[in-house]
Structures are given as C-alpha cells and as structure tokens.
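A.B. asks: Protein chains in written order, with the working numbering: chain S, -12 to 313; chain A, -12 to 313; chain F, -12 to 313; chain G, -12 to 313; chain B, -12 to 313; chain L, -12 to 313.
Be careful, since some hints might not be right.
Any copy, or any two copies together, can satisfy a pair, since identical chains are not distinguished.
Claimed, not checked - Derived pair list, reagent style DSSO-like, types lysine-lysine, alpha-carbon separation capped at 27 Å:
1. K34 / K304
2. K98 / K130
3. K86 / K130
4. K304 / K144
5. K51 / K308
6. K51 / K287
7. K(-5) / K287
8. K98 / K308
9. K55 / K308
10. K308 / K144
For the record, the hints were derived by calculation from the structure and aren't laboratory data.
There are 6 protein chains.
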Amino acid sequence: MEAMMAHKFINEIGPGETVDDIYLVREPILRSTSKGDLYIAMFLCDKTGQLSGRMWQATEAVYKALPKPGFVRVQGRSELYQNNLQIVVNNISVIDPSKIHIEDFLARTTKDVDQMFEEIKKLVARIKNPQLKALVDEFLADKELMKNFCTAPGGVKLHHDYIGGLLEHTHNMLRVAVAILPLYPDVQADLVLAGIFLHDIGKTEELSYDMAFSYTDSGQLIGHIVKSLLMVNQKAQQLLTRGMQVEQTVLDALSHIILSHHGEYEFGSPKLPATAEAFMVYYIDDLDAKINQVTSAIDKEPGDSDWTGWQNALGTKLYRKRVLEE
Amino acid sequence: MEAMMAHKFINEIGPGETVDDIYLVREPILRSTSKGDLYIAMFLCDKTGQLSGRMWQATEAVYKALPKPGFVRVQGRSELYQNNLQIVVNNISVIDPSKIHIEDFLARTTKDVDQMFEEIKKLVARIKNPQLKALVDEFLADKELMKNFCTAPGGVKLHHDYIGGLLEHTHNMLRVAVAILPLYPDVQADLVLAGIFLHDIGKTEELSYDMAFSYTDSGQLIGHIVKSLLMVNQKAQQLLTRGMQVEQTVLDALSHIILSHHGEYEFGSPKLPATAEAFMVYYIDDLDAKINQVTSAIDKEPGDSDWTGWQNALGTKLYRKRVLEE
Amino acid sequence: MEAMMAHKFINEIGPGETVDDIYLVREPILRSTSKGDLYIAMFLCDKTGQLSGRMWQATEAVYKALPKPGFVRVQGRSELYQNNLQIVVNNISVIDPSKIHIEDFLARTTKDVDQMFEEIKKLVARIKNPQLKALVDEFLADKELMKNFCTAPGGVKLHHDYIGGLLEHTHNMLRVAVAILPLYPDVQADLVLAGIFLHDIGKTEELSYDMAFSYTDSGQLIGHIVKSLLMVNQKAQQLLTRGMQVEQTVLDALSHIILSHHGEYEFGSPKLPATAEAFMVYYIDDLDAKINQVTSAIDKEPGDSDWTGWQNALGTKLYRKRVLEE
Amino acid sequence: MEAMMAHKFINEIGPGETVDDIYLVREPILRSTSKGDLYIAMFLCDKTGQLSGRMWQATEAVYKALPKPGFVRVQGRSELYQNNLQIVVNNISVIDPSKIHIEDFLARTTKDVDQMFEEIKKLVARIKNPQLKALVDEFLADKELMKNFCTAPGGVKLHHDYIGGLLEHTHNMLRVAVAILPLYPDVQADLVLAGIFLHDIGKTEELSYDMAFSYTDSGQLIGHIVKSLLMVNQKAQQLLTRGMQVEQTVLDALSHIILSHHGEYEFGSPKLPATAEAFMVYYIDDLDAKINQVTSAIDKEPGDSDWTGWQNALGTKLYRKRVLEE
Amino acid sequence: MEAMMAHKFINEIGPGETVDDIYLVREPILRSTSKGDLYIAMFLCDKTGQLSGRMWQATEAVYKALPKPGFVRVQGRSELYQNNLQIVVNNISVIDPSKIHIEDFLARTTKDVDQMFEEIKKLVARIKNPQLKALVDEFLADKELMKNFCTAPGGVKLHHDYIGGLLEHTHNMLRVAVAILPLYPDVQADLVLAGIFLHDIGKTEELSYDMAFSYTDSGQLIGHIVKSLLMVNQKAQQLLTRGMQVEQTVLDALSHIILSHHGEYEFGSPKLPATAEAFMVYYIDDLDAKINQVTSAIDKEPGDSDWTGWQNALGTKLYRKRVLEE
Amino acid sequence: MEAMMAHKFINEIGPGETVDDIYLVREPILRSTSKGDLYIAMFLCDKTGQLSGRMWQATEAVYKALPKPGFVRVQGRSELYQNNLQIVVNNISVIDPSKIHIEDFLARTTKDVDQMFEEIKKLVARIKNPQLKALVDEFLADKELMKNFCTAPGGVKLHHDYIGGLLEHTHNMLRVAVAILPLYPDVQADLVLAGIFLHDIGKTEELSYDMAFSYTDSGQLIGHIVKSLLMVNQKAQQLLTRGMQVEQTVLDALSHIILSHHGEYEFGSPKLPATAEAFMVYYIDDLDAKINQVTSAIDKEPGDSDWTGWQNALGTKLYRKRVLEE
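Bound conformation, chain S alone (with noise of 0.2 Å):
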C-alpha cells in the first residue's frame, strides 16, 4: 500500500467492496464461538465514523498484537447487513503511528491556528490588572501547555468537536467580548477576559485527542470545570513561589466565573452566577457554542431536506431554509 493512496473513508465505503487501509481499531475482544473457535470483534474507526469489524480464526496472538486503541492496516472485505455495513477482516498488522495521516482521523479546525493564537495573545494583554495579567501569562508561558491549547477539541460531540475547537471557541468568545464590554462599562472588563481564556482551560486534561476524541480517566472522574479550576490554583501558587501573590478576592472571583460558567447545577456547574462577569462569561459560551453546534448540525445534515433530524440536545429539530436569500 502506497503513502500516496487516498484514504478510503470510513463513510465512503459501500458494500461488497473489497478494502486495503489504515483504520484505527478500538476496542478489541477476543471472543470464541460455541465451537471453541476465537474470533476477534472491533470497531475500525476514522473521523468520518466507524463499522464494526469480525476477524474469524483468530488466535491469540493476533489478539495480544493489536493496539487497544491504536492504528492497524485492514485487509478484508465490506458486507452489508441491513443498512449497515461490516467489515470481514482477513488480515490485521500494527501500522507505526508515525506513519498515518492524523487529518484522515481527527476532524481539524478550518481556521488558521497560529492566526488564531497570535490574536488571542493580543486580545488578553488588554488586561491591565497586574495579577490577572501576571496569571495570564503563567499559563501563555507554559509551552506544552499552549501547545495542547492549541490542538485540544472544544467537546467530544456537540460543538466544536474537532482539532483545534477548544482554540476556536476561546478565540471567538474573547473576540465577542471586546465586542461588547464597551456597552456594559459596570462589568469588570479584566475579570472577563481572563476568566474567558481559563474558563476551558481544563478541557486540555480533560479530553483525549491524539488518535480519536474521547474522554481521559481523570476527566471522566473530575469534569473540566474543576479541572480548569485545579490549573488556576496550581499557576497561583507558582507565582507566588516567584513573589506574584494574586490575591484571594481575586482569584475568588475568577474562580467562580470558571465554576459557574455552565450557568446550571444540572449542567455540572457547582455554583450559579453571582456575579455580572460570570453572566457575561456564561452567555458568551453558552451562545459561541449553540451557533457552533447549530451550524455544525445544518451542515451535517445529508438532502437537502429543509429541516434537520431531531436534535436530541436542544429538544428540537433545526430549520435550514435562508429565508432570506429566495
């Protein structure tokens, strides 16, 4: 197989097809059949979906051989089993990650990541209070940090939900705010704008996004909200290592930005808004992410029906039609 053959995509493949490519395989189980047979059952994976996968007369060793997840060159051949379709494998070999086109796996922001970087970098040093300055540039200092700040997902489904996405939203959500801070002149500018830049910070632990989007043990079992709020904690306490005290009304009141910016006890946040600059920083997210997820979803959608399917998570179909533009 050619580095220079496309890939097939996982959503492009029709049935009775024979395929020769690079999956990533999750989830394996060595099974036997009552006739004491092994066959091993999977998931083959790219970002554009998954199918499910039988490799009968297995042994042992191919099982013990496969990355659990990891990337694998299938051999085999494509059935179709009502309206979905199977993938009979006939040969599996571990493929050196090194080696795969991560794009053909992870969905990737369009915008342009350093653009986007450059900008927010630009957008928080319009802070002026020296601690909140001082702790924004704790964490703009810590490189692989900002790295991973950089290639984090914004969510593992509803918006976002590619390489990037977390960048993405924390940039439009900065920009939205300097935007309209001028017409609340009460809200406390600087507390905005850093708690905008962290209030996602935690996503970067949280979420899993070197092969496909998923969550990691610890941020299944602690959520990125107090996630983001460890990272403040531990950037503080650096600073003060360093002589920077911030303040504990201060961080305080960053803290619960951070806590409360889900807006809801039932949205995992442990603390309502009680304070103007954790409404704002909770509408501003709340509405970056529901035009992202809108939009994401009209563009998904496959017809060109005029409505969506059912979107589970906003109680609601999605209307498509521009009106406008008859």
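Guided by the hints, dock chains A, F, G, B and L onto chain S, whose structure is given.
C.D. replies: Relative to the frame of chain S, chains A, F, G, B and L by itself:
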C-alpha cells in the same frame, strides 16, 4: 401645599412624622369595624415603595370619591409598628393627574430617550431585505406605537423596570447584535436585527405604566410574546393592503424568533429556538436583561455589605465587591 | 397493474416476495458507492408503515424525476435483514396522484364526517353571546377552512391521528362540554363552546395531510396554539370591517382559553389557565385525547398479551384485559 | 353570655375591642418570662380564621385545664400590632362542646347533604357487575362510615374544604361520569362509577374535622390514597367471609384507579394511570376539584378587583371579570 | 437428547450452528405471509439472554400447542443478521417443566439461602416490642410466604435480579442496620428491623419468577410498596382475631416506613420519610441496592475496559479500575 | 456588669424589660430620619437567635466605632411589636472578644472533641495503601488545619450546625463505614475511609465560625466541595516536593468521591457517583446528616405536639411521637 415643595419619598418617611404630600393610592377597600364604624384600608405609593394606610372614621362618600388607583393628597401621621411604617390618614383629597410630577411616581431611564430612539432607527436601517425593511418601517411609521415604545418599561420588576426601559433594552440589544454579527457570518443579520427590534414590542400592550407599573388585563391573559406576534401579523396585513407582501417563510422565521426568545418552555416560550438567528436573539436578550438585573440589584442594596440579599429569580445572593479596585 | 388489484400494504409484505405496487416515496437521496456507481436510498410508505428502499445502478435522471415526496409505482423484491425488510427496487415510475386510492395512504376516521360536522354546527348554535356567535359563524362561513377542518388529523402520532381526527376530537369535546356544563353553573358556557370549537383550529395550518401526516414548515416554527390565535384575530378583524366588533375583553378571554389549553408550560402553553372556562377546556381536551390515545394503543397492539408495550408518552404500559367481561 | 348572642367572628374583630365569646383554642403553650412570670401563648380560632392570644400572669393550673385543642370562653381585649390583631386574654374557661354552635367553627356545604347522598346511591345503583355492586353495597351498609362520608371535608385547604365537601365532590364527579360515559363506549362504566365512589373514601380517616380541619396522625403518615385502598381490601375480605368473592383481577383494576387518581408521581400517586378507566377518574377528579378551587378563590377574594391574588397552587392569579355579562 | 448433555446457553451460540436444546419460549405469535403461509415468531430465552426465533411453514396446531410462555425443545439452526443472531426453527416440542434444569433459566444467588434465612430469623429476634415481634413472627410462621420470600428476586433488572435476591438484599440490609443502630441511639431499633424485614415483602406478589423474571398483572397495577402494606395489614388483622392487637400508632409508624422507603415521590413512594426510622430504612435500602447494582454492572461488562457502558439508571458510566491494587 | 452574671439569652427576653448585657452586633447601618436625625439599625444576636435593635439619636462616631460584626455591651429596653421584640438601645460600647463567653454565642457539640479526634486518628489509621496513608497523615500533621477541623460546624443551618459539628459528623461517618465495610468486600475500604475523612474538609474554609455561623466570601463563591478538592491537591503537591507521589489514578478516585458526594447535580455535585466507593460515601454522608437533622428538628420543636412544623428542606413535617414507648 406649594408646587415647589419637594416630594417626600415613601422611603424617606420616618416614624412619628407629620405627612402632607401627594401619593398614589392603590386598592382602597372600605371596611367596617365590629362597632359598625367604617374605615378605609389602602396602599400609598410612589416610585420608591409603598406603605399601608388607614383612614379611621371614614364615610362611604370619601371612599367612593377615591380613584382606584389615582393620585391623592394625604394629610396624616406616620406610625411605626415593628420595623414597618403605617400612615394614619386624617384627610384625603383627589388631585388632578396633570398637576403631579410623574417622575416622583415612575422611575425613568437615566439615558437620553430621543438619542436612543434615533440610534435605533439607524441600527435597523442596516436591514437590507426589502420585506423585513418594509415591515420594520411600518412599525416606525406608527407614531402612537413608537411613543409607547419609547415610554414602556422593560418589565414590572426584574429588569429595566423604569419608563424608557423597553427602549433602552432594545437599543442595547441592537448594539450588541451589530457588534457581534460580523463574528457569525452564517447568521442572517437582517432577521436578527428585525427580531430584536420587535421581540418585546407587545410589552407596550402588556404593561400599564401611566401611574405605576403593572399588567393590563389583556397582558396578563395573553402575554407580550404572543402580543408581539399579533402586532407583527397585523402590520404585515396592513402592508399587504398596500401591495407589499411579506412572504410566509420570512414572516414565519421572524415569528419564530419572537415566539422562542425566552429559550425555555417554562419561561413562557411556546417554541424552542430552532434557527441560529433565534438562538442569537435569545442569548442577547438574556445577557442584556441579566446584566441589568444584576447591576440594579447591586445598586439598590442598602448598606455596604459585600453581598446583596437573596435574589429569588437568580437562585443566589450577588457579590458586589469590586475585587480589582482595591 | 390493474386499478382493481388490492393494494399490498407495507405491513403485509413478507420476506422474499416480488413487489409491484404503488407507494409513497419519501426522502429519496442520490448517493454514490466508492466505485462511483450511483444508487438511490429512499423510504417507501403507505398508511400501515414504511420500509427502506434501495435502487442500485440508478441514474441522476431517475433521481431527478422522483417526487419528493410523491406516489410511485415500485417494481422489485423484498429482502429480509435481521427482522426488518428492505425493498430492492428495479423499476420506479411516477404516478399521477389523481390515480391513487388515498385511503391506502392515510388512515381515516371511522365516523361519518358530514354528520359530525352537522352536529358541531348545532352544538355551537347554543352560543347566545352575539359577539362569540358572530365570530364562530365567521369561521363556519369560511368554506375552504371548514373543508380543511373536516379533513385535518388531530395529530401526527399520539391521538386522533387520522383524516377527520380534528373534527372527531372537536365534536366529542363539544358533546362532553354540553353534557357537563349544567353541573357547573358558574362557568360561562358560551366561552367554553367557542373555546372548544376554535382551540385546535390552527392544526389545519400546522399539519400537512395530503399524502402523509407531517408538520408544515410554518407549523413547526409557530405551532397550532399560536396559529389558532392568529386565525381568531384575523376573523375578528374581518368582522370589524363589516361593523361587528368583538370587544377586547371577550377576545382576550377566548384567546386565553386557546393559549392555555395545554395546561402546562412544558406542553407548549405560553399561559397557564386563569379562568374556570380555561380549566374546563383544558381538562376536556386532555380527557378526550388521552382516552383516544389509550384505546388506540390498545387496539393497535398485536398479539393477545394483557399489556401493551411501553408507552413513552404516558410513562407506563397499558393494561387491556377487560376484567368485567370474564 | 347568652346563647342567643351572635358569635363575633374572628375576621370581624377590630382593634381595641372588648372580647367575650367562644373560640377554639389551639396549641396553647405555657412559657415563662425572664422574670419568672408564667404566660400562655395560644391560637384562638373559628371558621373565619385565627388570631394569636396571650394570657399574661397565667398559672400552671389554668394551662393544665385548657383543652388542646378545644372550645373556651375568652374574655379580654383585642390589640393591634402592625396590621394584625392579637387578643390579650384576661379570663379563659372551658366550654362543653355540646353547647357550642359547631357551624361557627366549621364551614359547611351549601347543598342538601341527604339529597346528595340519596342521589349518590341512585348513581352507583347503575353498577351492573355483581362483584363491584356487592363491594359498593358493603360500603353503603356501613352506617358509621357513611355518616363520616357525609360529613368529611374534601380537603383541608384547597378545594371542597368544608363539612360535606367529600360528599359534594363525589356526588358531582358521579354526575359528570354518568353524563359523559355514553360518549366513551369502550370505557367500562362500572369500574368508573365504583372508582369514583371509593377514590377518596380514605379521607374519612385521613382528615380530622370535629373542631377544625386538620390531618390525623395516621392520615399524615399513610395518606388517603393508601387508606382508601386498605378500606377497599378490608371490605372485600368481609365479603369473602360471607361467601362473596371479588376476583383479584377486578379488585386490582379498581385498586389501580384509586392508586393512580392523582395522575402524577409528584402528587402522591404511586402508580400512573394505565387503563382508560383510571384516566377518566383522574380527569373527572381534577376537573371537579379545580373548578371548585377556582370558583372558591374568586368568591373569597375581597374588594372588586378583576383579579384575585396570586394562587400558589395554580401558579397564576385568577381573572374573575365575567366578560360576557357586561 | 440426554439429560446429562450440558445446556448450550443463548450467549454461547455462534452463527451457523445447529441448535438442539431446551429453551423458554416467550410471546409466540402466529402470522401469515402475504402468500398465505403461516409462520411463528417467538423469543427463545434462558438466563443468559434471548434470541428471536422464526418457524416458517408453521401450522395453527403447532402454534396452539405452544406454552405462552413455557419450556420447549428447539431443533434448528442459528443464522447471523448484522451482529445479532436469529434461530430458524425446524422442530419445536413442549417439555414438561419438571424435566428442565431451572438453574439454566433463572440466575440464582451465590450465597446459601438456608443460612441467610436462619440469620434473618436471628436478626429480627432482636425485636423487643411485643407487638412488632408478634407481627414479624406471624410472617415467619407463614410457610408458603417464607418459601416465596426465599425464592423471589430483588427486582427484574436493576439490582439483586436473581432467585434469592430478595432474601439476600433483606439479609444484608438487616446486617447493616444491626451494625449501625448503636451509633444512632435516638432511632427506635425495633421499628427499623421490622421495617427492613417487611419493606419489600410485597415483591413476592409483584414479581413472577417461576420461568423468567417479570411483573404479575397485579404487581404492575398495584406495585410492591402498596402490596407490602396490604400484607402487613392482613397479618395484623389475623393477629387481632387471635386476640393480639397491634396498636394503630405502631402500625402507622411501620406502614409509614414501607410507604416512604423509596424516598422520593418520583420513585413511587406516596409519602416522604417523616421519621428517623423511615430515613434510616430508605438509606440502607438505597445503599445496598446501589452497591449491588454497581458491582453487578462492573462484573457483567465484557472486555477489559476501565469503564462500563453508559448506565441509564445511574446517569453515568462506571469506573471499574481498582486503583489501589496496581 | 460582673463576669459572673449569667447571660440573658435572646430567646429569654420578654417585653418591657431592661436590657444590659453583651451581644453580637451584626449589619449595623447608619440611617437618617427625614428630620435629619441619625439612627442606627442593627441586629443583636447570641446562639439562641437575633432581635432587631434601634439606637435613636445616634452619631456617626458611635456608628464608626461599632464592629461589623463584633461583640458589644448593650444597655436599653425591650419593646414588643406584634409578637416580636425589638431592643431600643440607649448605650452601646465595644467589648474585647477575649472577655466574652464564646459558648453564649456559638452552640457546641455535646460530645468530647478530643476523644472524637483521637478516635478519628485511630479509624483512619486502618488505611493500608501507603499513598492514601501519606496523604491523610499530611492533613493530620497540619496543626492549624486540624484545629479548625475540630472547631468548624457541619453547616450553617441544616445539620450539625454547632462548633465541633464537622468533627462529630466525620467521626460518626467513619464509625458507620467501619461497621459496614465488612459487609461489602468489593468496596475498596481505604478509599472510603480517606474519602470520608476529607469529603467536607473544605468547610473549614467555606464557613466562618468565630462569632456566628456564616459563609466566608470565598466559601460562598467556591463552595466546600471544590475547596476540599483544592486542599487535597495542595497536600498532594506538598508530598511530591518531599518525594512521595500520590499516583494520578489514586488521586482521581479520591477526588471523584469528594466531587460526587452530594449525589445529585442539583445539590451542587459537579459529578455523579461512578464508583462503589463514591456511592458508599454519598449514602453514609446523607444518612448521618439526615438523622442529625431529623433529631435536631424534633428536639428544637417547642410544645408537646406530635408533629414538628413544616420542614422545608425535607418536604414534610416530622412525626416525633415515640410509638414504642407508650
């Protein structure tokens, strides 16, 4: 009593003082004591609050002469019971509404009404779609309605609860929209601008605000969301009689924004947002209302505590320490 | 294929049968396999259900010629996958809608439509208040609307989901009202009768029911509650042009019944019932709808189990043993 | 004090009046001031409301002699604090319950109790199923229980909260059922009639209504729904000892109606309606209760405002203008 | 087929195998294809799961002979559709229930039933109050009931869903109570012990567990909470006929524990806990049920992932890594 | 005023008494009457409650000298309004906090603090896992924190609302855990013990309890759940600087217990329990808190009624008759 005498506000009256001033009387009731003596129970109000009033040894003639509600000159004395005051009324006489200073009774926006209205006209002039433009112009051309639009409060209690509040709220929402629409190029700007301009227009009919803020019967039975929709339909029908048809799809998309702008069923929206434009108007409305509500609650709190009292509608106390200014 | 041939209903098709009959095609999509071959995925329906269809080796011309949705003659073969069937289509051709037996596609009330409508006219003729009478008569005089009123279903799925269902539901509700109004002398009967007659009139515009039951775009965006209200207002305005004014208080009380007849915010009512008349219409509506829903679910359940399957909308299974008849 | 003297009702007492009348004393507590003086705090009630009472310079003997609760002659004076009244008691003496006019203390249905009970007997005589008939007759034959059934209120506060209220509510529900059952031929009428007759029978044990309306201990711990069920089971067991068996399926279907008649878990129904009969009893119960609650709230509202005060249990104010009678 | 042949469990059957074994047939339905051929659709089950079965070319006689449900010998072949299996049945014959190994069909507690029951008797023997003791002994003396108590599952699906599960759950709850009661000296231990012993006793009547776990009709209509209460009342009445009266206050306090032990209205408790004893039983019940549910879900999860699948009833996935044992 | 004089508690003050004692002054506000006279409104408190105080003819100097809050000697007189008392203050002077008897102002556990703390140390000494042991020891070694841990209340109002309450609650929970852990062998005991010891440790920072029970600013903005987590992380980082690493998986599992121990999102837990250990801590916490809350409410209820007043947080009244002791 001279016209130049300053009004003594309800929240300035202390215990044991002589009272001789103009107040709004509300819900007067004629009752009889067990000895058969008649007395009148009433509320006496201005824009700063209300007190119970009692006129002992009243007559049916005095009761019948009272406006229900209306302005009266009250002569009597304040008495303290527990921490509350009550006014014992000796004399009460009806005052011609034209003689009173309405600003003593109704709070008023601190901003310039004419200037805001001019700016609103400029902001909606950005609408390019000829049908929406015609519809908006039809509203702007309705002098009587626009006068009410410039006068109505944004609500009875929670936010923008003052004369001109609807205008101020609409004005600020339009400014927010214009500031952030460039960041969301997929959103149909004309629908958002028209939607914001008209989303609360029914409050001109829902609320009564000539002497105090309350609901009209019709407002209580129908609500401003549906009233706004009825007004939009009526204007569209007027246009049609003059040969300008607003297409049903355009009217539906605009109507949907109005119907869904409270975002949740339990807040009285009969439809959930199903377009990006509806989501945007919903969030801008909620953001602007909540920031106003938070800053008002913080401003109104007496004393210098760092926290306001419990805010029932928000499920929390509010923190008003300005942590960055210490 | 002869016109006298009985239609083979979707729920009668077994596996491995030859298919040659007229069905409603819905949501056809043209797709291409990875080899570049075009095929059409579609749903084929009649009133008893729908099946997936696949036409392999399709052309763009065939796809373009298909109605979306519309009636087609389908020639092919049924294939069983798992417990579901799929139809592999060899030939598909458009059929003139005038040639089909619409009753094969749309369920229909088992009652006499003309007789029910005549009875409704008699029942609302009990209204004595001249304004409400004029308003109701204005609706009765609208031939086109009354034709739709006699045809529309009561809903897409849950209750009275058949041609004539809206009429049957309204008819039964009026009969219940006339039966119990004498027991509640404080309730203003005219408002109840007019409220019932008009409470769901907007379903004529909310629902589409010429080929299958679904929502119109406008219905999905606005909903029948608000649509009913708009129609009532429109008719009242028409009356006004002829010199008959329905007073605002009467219109408001009637409108309130319509707006609050779902009884709870979460069921899409923007107002809660605030008059005895509104409560009465709410309960009669819910009673009649639920009894219809329960008896339908019981009738439709296959097999002879004493329990239906789980009813999601009711939060329970239904017990259908007739315990008194053993 | 003469027997022919009219009772001065609690809601007729004005400030600064001499009091000498019979009231119900509730929750008397003996307390001591910091100086060591004993005083008694108590509530003094009749059917129109209750006032706080204070007897200063009390003795333990006086306290011990007081019924808890019970009827007492009170001599003292009313004093006004804020807008509320308090009675300072100089003398208090126990009154033989046989001497009081119970109608001064307990509101009573305005309808004819005997006539309603006779009609109920006729309405349930329509039951044809011999088992249900025997069960209902077993209840009718229980003289003591039927006396309570004719006396108990329908509730403590919300609806039918007066002596005979349970009877009036049951009577009206049966009349509604008989009026509408012919319109729902699939519904098993006998189950509905027996279900209505017995649905609230446990209120005879849940509520205490000899001096004032309150809950019995047992009623508070168990509730009338489960109490009704226990009574039905007990009567069925009695029948069995005389050789008449109510089959388990019939008993279950009837029990299910009783258990589910509040319609929702959060209103204390441990089961949701799962038969057409259960739905019908639930709606008839709710309709009759709500109409009674609405008309009572409207009747009780003082003054002549078009709206009642806020009704917590309904989530709205009520509109009481009779719009058709202007 | 020999008795010594091992049963091939449903979850061991692979695709394309010959099947000849005993299974439980459930919900057989006779259907006819469009050609008029009869076939039987059915489910074939044992304790490890169920598969769809199809018998083509069936006759009405075969269908009539089938138990509904019951045990049958099935001869046929497994076929794979998608990832699921289906059994195509060639021969089916009824099997005498006495011949089957019931443990192939119903999961069973892994603990010693006799030993648990003996321990339960010792644990409730700690009850000192003579009335509660007599009541508990009345239950223990009911041999038939105690046999069912030792056999019934604790539930159909969520927790302790195996033969002996009710016993195991009650046993463990009693042990927890005895362990912690000394730490809560204000709690009346006798009520807690009797309450635990009897809180789910109605499950013996609510559930059917002779061939598979399901609800009885009566259980579905009434529920185990109310059934438990009815049984307690019945036993108390039996005691009364022998001269031992359980006082109403004691019976009410015990009944209240049973009625409120689900803790929330939405979980089917018609009363909320109102005594310390009721709270204790509620928490011990929930603790023991949830720990069982969690450990079962973790044990049943196939593969070696650190997380189980989504647990609908818990609103989360479960983490099963044993972090302390690495 | 002599030190040996007994404190007159707030709830012992009667009307018309001379007052000369030490109280806690809270929220003093300087106001001016309409005549321009200054007065101070304040609350005067001790552990038994609070009263309004008014100092007429005050000066700004007096106001400025007042602690906000703090201890003051108050000379004046009690006056009765309605049923409430108010203290008219003639003289007010600041008292050195070291001079007061703190137990007059803060309720205190009735148990032996030192003994409970010693027992806690023994109970957590059962932890075998070296990492968890090191972490717990790190907390035990923090003298300042442990002093607060022994002093802090368990809450402001609902349960364990007294000095030493946090200690008592943690102590009892550990004893419950040790008693029942042997019954649940699959549960990792070390995690449960460490989780209980630390689950509420953040209350030492969330609550203020030097003069009265209230929330700190930081506590109100962040909450004790997240504060506990921050403290655990800080201690783990301290350990790391000394070469002892608590593995991330262990830290995550412990953190998850803390974050999920309120069990439901609406009670402020940002995560739902996802391990058996988390479920166990949640139920032990809730059980111990509710039993304490129930027995406290029963103890505090004045009079000898069988029922307490309505308990808002429990949704019911509580029954306090000890039915087994009659």
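A.B. asks: If a hint holds in the structure, say so; if it doesn't, say that too.
C.D. replies: So, going through the hints one by one against the coordinates:
1. K34 / K304: both (24 Å within a copy, 24 Å between copies)
2. K98 / K130: Classified as within; 21 Å inside a copy, 47 Å across copies.
3. K86 / K130: Answer is within: at 25 Å inside a copy they meet the 27 Å cutoff, but 56 Å across does not.
4. K304 / K144: Both, since 17 Å and 17 Å are each at most 27 Å.
5. K51 / K308: Between copies only: 20 Å across, 51 Å inside.
6. K51 / K287: For K51 and K287, only the inter-copy Cα distance (22 Å) is at most 27 Å; the intra-copy one is 37 Å.
7. K(-5) / K287: within (19 Å within a copy, 36 Å between copies)
8. K98 / K308: Result: close within a single copy only, 25 Å intra versus 39 Å inter.
9. K55 / K308: between (43 Å within a copy, 16 Å between copies)
10. K308 / K144: Cα proximity of K308 and K144: in one copy and across copies (24 Å, 25 Å).
The earlier numbered hints are all upheld by this structure, with none contradicted.
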